[in-house]
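Trainee: Based on the sequences and whatever the hints tell you, model everything.
Chains as they are written, first to last, in my numbering: chain X, 1305 to 1604; chain C, 331 to 733.
Wrong hints could be hidden among the right ones.
To be verified - Label-pair ranges, simulated between beta-carbon atoms:
#  : chain 1 : residue 1 : chain 2 : residue 2 : range
1  : C       : 638       : X       : 1557      : 56 to 66 Å
2  : C       : 653       : X       : 1499      : 32 to 42 Å
3  : C       : 718       : X       : 1469      : 46 to 56 Å
4  : X       : 1470      : C       : 621       : 54 to 64 Å
5  : X       : 1490      : C       : 467       : 40 to 50 Å
6  : C       : 663       : X       : 1481      : 53 to 63 Å
7  : C       : 676       : X       : 1410      : 47 to 57 Å
8  : C       : 663       : X       : 1318      : 25 to 35 Å
9  : X       : 1557      : C       : 718       : 52 to 62 Å
10 : C       : 393       : X       : 1317      : 41 to 51 Å
What the hints contain is simulated information worked out from the structure, not anything from laboratory work. We treat Cβ as the ideally placed atom computed from N, Cα and C, and that holds for glycine.
Here is how the chains run, residue by residue.
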Amino acid sequence: MARLEIRNLHAEVADDEEETILEGVDLAVESDEIHALMGPNGSGKSTLAKVVAGHPAYRVTEGEVTLHLDGDEFDEPIPEDKRTWDLLDLEPNERAALGIYLGFQYPAEIEGVTMVNFLRTALNAKFEEREELFEDEEDEEEAEEAGYDTSPMEGPADEGEVGVAQFQEILRGKMELLDIDDRFADRYLNAGFSGGEKKQNEVLQAAVLEPEIAILDEIDSGLDIDRLRDVSTGINALRDEEGSGVLMITHYQRILDYVEPDRVHVMLDGQVVMEGGPDLAEKLEDKGYDWVREETYGTA
Amino acid sequence: MSTQVHANLTEEQVRAISDELDEPEWLLETRLDALSALSDLDMPKVIRTPGRDWTNLDALDFESFVDPLEGAEQKERVTAEGAEVLEWSEAVAEHEALVREHFGSVVDTQENYLTALSTALFSTGTLVYVPERVDAEDVKIRTTVDSRSLFNYTLVVTETSASVTILERQSTGDEVEGDRYYSGIVEAVAGENSRIQYGALQNLSEETYNYTLKRGRTDVYATINWIDGNIGSRLTKTEVSTELAGDSSETQIVGAFFGHDDQHFDLDSKVWHYGEHTTADLVMRGVVDDTARSVYEGVQYVGDDAWNTSSYQRENTLMLSDESEADASPKLEIDNHDTEASHSATVGQIDEEDLFYMLTRGIDRESARNQLVEGFFVPVLDEVEVGELRADLRELIAARLRE
Ligand SMILES: Nc1ncnc2c1ncn2[C@@H]1O[C@H](COP(=O)(O)OP(=O)(O)O)[C@@H](O)[C@H]1O
Ligand SMILES: [Mg+2]
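Mentor: Following this line, the structure appears as structure tokens:
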């Protein structure tokens, strides 16, 4: 069971100190849960997602982002002193290796890099980086003295990379789950993809990388109804089959007909100002964000 | 002109080279004329941007690296059925009339100082002759330079409805103390309805100054496609060009380069549309890292009588370091407006958002960068129709990224 905890998070634009975007965000998501993060445009949802993932455009001025692991998340038990990670100290790829995934509102289009090569590289890199993060120098030495040359945290990387054939198999399975066309695998990463295909691709990548906590930013925008269903199947499978925690950023009620959130958070002006169960989303649908504003600041 | 080698060059040296190759009198005369023209000739034109000459060829110390009588190389020539791939002495012995007709017909031997120097001093050469209707695949010419300097000449002639694919590679063999110089002139003459596909991969040592000029001329319905990969050398000044003389002829010029350390690449792609209904496609992509510099000039000239011309050019340079420098100028000169044309060039750096996207998938910074660079070259590699060249180029790019 993994738990992502964001506490009193303040962040500004890195090259513009005047521009403070996050003004003390509190939020927690754990495995096996789907949370919806809602809020009007410009309230700071995407910024929050990017700060958690480690985007260099933002500077954190206060607060914490912590990942707590139970110890049984990965192939080998995690020693007790390696279960709590201050994510703000880590590089984006290290955060990914620990199980943080960000599905982008606007995914990059990368020419010349095929989906299948990219994702296989990513999967192997993730295992390798994870192994480095959990490497215990003392254990290493002890193991060496005892004549072993492996760390106790060996992941698949130690047994060799996920090979091309094995990876094709993994990818095919995930593509089937999401009802994605086979040809997807050999296309260049998001290059020339429609808006809907890009979003589907973000969920596909999450399905392959099997994160502990997936943050999906506006995964439902620009989707037709069929694709919305496929994407929703993917998100539900992340929780139900991989046991991932999902933080789903949206400002529409629509997707919540297919993915029922366990919790709903509402963001306004750089803070989470409301929290509740699935009924909160319905209330928002009825009353709109003006109601949130009134509740937060009192009637004008 | 500050340092000039010709003061020390003698007629005797030129005679000795020509004699060694058993050349006919007219060719010796051509060489001697080139030698005596040196003092009046300028270096090839280079790009100037305000306050800056990108490539200062006059400053090169030719005297120190030109060693006219000591040219040494290993040459590998692979011929294809029906075609003749001959070393120079055989070429002049067996096809004197053909050589005489075409030698210097596409590249003026006295076009500039360096072409004249090459004409006077070339000690090795190849004729690729493809008679009518012959289809010659997989001709290969591999030059490994063992001496301080080497002057090389290549003539390609395809007769009516013939076709040839040539893969040329240059690299350096034996180590030599100090700087080196390689000069290569290629003339390609494509007869009616014939097709020349010429791929070149330059991977000379990084002590080598390199001057190459490859130019072709098309007859009606002919095609000349060039692929030019530049990875090695200390400094490269190169032109790859086609004169679309015949109606309905076409050309493609594909280039790729990857400079690192203190390498300097000065690359020109040029097409002259003279005939009617001609088509040209110029595509170049390159990367500069460390303190490497690249300067690109692409020229599409459309002549008065070039009705119904199609001409496209695009160039992209990627700078991987803050100290690398790049300049690109695409030029379109039109004297006949019955033309469909486009030209563009960009110089940029790796997109931070692309990089971040890859990092969030768990890929570390260096492999993310490598994947992006390899991906950047894909659109040009896709244009390379010679499989072996594409594979070699891809491998050299990958190797350089992992250095
Ligand atoms: N890199 C940035 N530079 C300047 N302003 C930014 C930057 N990123 C976000 N902002 C500003 O921060 C606010 C919140 O943006 P964002 O997090 O994208 O909101 P949301 O996703 O909730 O619509 C907006 O006013 C936006 O213009
Ligand atoms: Mg947003």
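Trainee: Hint by hint, note whether the structure agrees.
Mentor: Each hint, compared with the structure:
Separated by about 58 Å at the C-beta atoms, residue 638(C) and residue 1557(X) satisfy the suggested range of 56 to 66 Å. For the pair residue 653(C) and residue 1499(X), the beta carbons lie near 39 Å from each other, so the given range of 32 to 42 Å is met. Between residue 718(C) and residue 1469(X) the beta carbons are some 26 Å apart, a value that contradicts the proposed interval 46 to 56 Å. Distance hint for residue 1470(X) and residue 621(C): a CB-CB separation of about 42 Å, inconsistent with the stated range 54 to 64 Å.
For the pair residue 1490(X) and residue 467(C), the beta carbons lie near 28 Å from each other, so the given range of 40 to 50 Å is not met. Range check, residue 663(C) to residue 1481(X): about 57 Å between beta-carbon atoms, so the 53 to 63 Å window is met. Evaluation of the 47 to 57 Å hint for residue 676(C) and residue 1410(X) yields a failure: the beta carbon distance comes to about 21 Å. At roughly 46 Å, the beta carbons of residue 663(C) and residue 1318(X) sit outside the given window of 25 to 35 Å.
Look at residue 1557(X) against residue 718(C): about 58 Å separates their beta carbons, and that is inside 52 to 62 Å. Restraint check, residue 393(C) to residue 1317(X): a C-beta distance of roughly 57 Å breaks the suggested window 41 to 51 Å.
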